[in-house]
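Kindly produce the complete structure, drawing on both the sequences and the hints.
Chains A and B are the protein sequences, given in the same order. Residues 1069 to 1308 in this note's numbering are what the first sequence lists, from first letter to last. Residues 1069 to 1308 in this note's numbering are what the second sequence lists, from first letter to last.
A couple of the hints might just be wrong.
It does not matter which identical chain is meant; a pair holds if it fits inside one copy or across any two.
Stated by the list, open to error - Computed list of lysine-lysine pairs in DSSO-like fashion (alpha-carbon distance at most 27 Å, straight line):
id, residue 1, residue 2
1, K1132, K1240
2, K1072, K1217
3, K1091, K1186
4, K1264, K1072
5, K1073, K1217
6, K1086, K1183
7, K1144, K1132
8, K1115, K1304
9, K1072, K1132
Read the hints as simulated data drawn from the structure, not as lab findings. These figures come from a predicted structure and were not determined experimentally.
2 protein chains.
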Amino acid sequence: MSDKKNIQVCFTADQFSKYSDGKSTVVVVDVLRATSVISTAFMEGVKVIIPVQTLEEALEYKEKEGCIVAAERNAKPIEGFDYGNSPFHYINADVVGKTLVLTTTNGTKAIYNAKEHKVITASYINIEAVANHLIDEHHDVIILCSGWKGVFNLEDPIFAGSLATLLLSSGKYDSNCDSLFASRQLLNNANGDLFKYLSDSSHRRRLKSLNMEDDTRFCLAPPVKSTIIPILNGDKLVVL
Amino acid sequence: MSDKKNIQVCFTADQFSKYSDGKSTVVVVDVLRATSVISTAFMEGVKVIIPVQTLEEALEYKEKEGCIVAAERNAKPIEGFDYGNSPFHYINADVVGKTLVLTTTNGTKAIYNAKEHKVITASYINIEAVANHLIDEHHDVIILCSGWKGVFNLEDPIFAGSLATLLLSSGKYDSNCDSLFASRQLLNNANGDLFKYLSDSSHRRRLKSLNMEDDTRFCLAPPVKSTIIPILNGDKLVVL
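Structure, rendered in structure tokens:
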């Protein structure tokens, strides 16, 4: 009998019900850009993040004391909101101690779908901290890729491949999941240059067309690292 | 303006609603083994195949003149049925002119989910015929991988990569679909030896544990090829 724990990778938020088991720790990934924004915002001093599903819910917080509201749809910011979905919006901004209310196309949906589980969020900014936490905790893990409007994207599985590789190298995890195998294959094919590799992906082209090349470079190879692990507590993300 | 048609790859039967547009030609793939069985059965003389969703529906045909019933669940045949889901069951058997009623874990579900579209089925047995038909027809194409119980498997995307490569090489198709990109990457990684590559996949291990190595070799590198294209007509598959 192996006492190794299991890792699975789910490619889209909508498919989570196929993986949900009520006990695994769920790591939500939306590397371009929601979970990278979440890592950055906490690093810059945001105290609480409330992921909400709709623009209407987000706007209800607009006049509340200590709240800033941020929204993105189809990779674009929305008029009437304080911030968008670029990590740079949160750097050197007046966010210390604030509550950030965030709604994005894909990432907040993934968090919502997994909310009956222990949910943490991961990005290349906090990947080592997340891996170390999971290895210490030693539960079964589901890496939940947000995808793009319900379909497979390339960047989240590649991140899943990076995280899974860290977990497997601890010797405490195993997997027989085809999507994890595929994720690691895609990561290996990127050969260390994620930015170049993703230039063939539809999402990258979309980001490029919206002048978001700087965001993409930041999210794929962040210049700083964070030890903060965001965890869902009720309907709020807080620092673990 | 390009007059190239679009190709998309959908990784599981359950996700088809995200891709469905009412007009694309849908190519259903369940390479291990439903669509390989379908190719083989037609090649051996079966006249009509009725894909049904439940064992109960299949059994209703058991006493009907000219019908043979076949079923598989979790890669195993089912007691009370004439045939299972091995292509070898249909070779040199008395199937000429018969109606085959077939229910499988994943493949028949994919066919059912796409039934509002033009649906054809593909396997390595008829891949060239399917590619030539699609290139001649020149419509948008959705390659619908059956997956395994609602989750990603490795073998169907690899087949999708093979078929997409044939279509793209005609110069008449284009794609900005991340799942198609990933499928072709996985195919390339297999480096021409699908059997060896899939030995790392959960499904291949499952098949191996059920002594289905011969079926797997047959489906991945069939010793014969067929020019038959099965097409869904109402609730029946017939020869195009």
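Status of the hints after comparison with the structure:
For the identical chains of this complex, K1132 and K1240 are neighbours neither inside a copy (45 Å) nor across copies (55 Å), given an alpha-carbon limit of 27 Å. Taking the closest pair of Cα atoms, K1072 and K1217 come within 27 Å of each other only across two copies (24 Å); inside a single copy the shortest separation is 34 Å, beyond that limit. For a Cα distance limit of 27 Å, the shortest separation of K1091 from K1186 inside one copy, 8 Å, qualifies, whereas the shortest one across copies, 41 Å, does not. For the identical chains of this complex, K1264 and K1072 are inter-copy neighbours only, at 25 Å across copies versus 35 Å inside a copy, given an alpha-carbon limit of 27 Å.
In this assembly of identical chains, the alpha carbons of K1073 and K1217 lie at most 27 Å apart only when taken from different copies (22 Å versus 30 Å within one copy). Taking the shortest alpha-carbon separations for K1086 and K1183, both the intra-copy value of 15 Å and the inter-copy value of 23 Å come in at or below 27 Å. In this assembly of identical chains, the alpha carbons of K1144 and K1132 lie at most 27 Å apart only when taken from the same copy (24 Å versus 59 Å across copies). Taking identical chains as interchangeable, the C-alpha atoms of K1115 and K1304 lie at most 27 Å apart only when both belong to the same chain, with a minimum of 10 Å there against 59 Å between chains.
Taking the closest pair of Cα atoms, K1072 and K1132 never come within 27 Å of each other, the shortest separation being 46 Å inside a single copy and 51 Å across copies.
Going through the hint list in order, the structure does not satisfy hints 1, 9.
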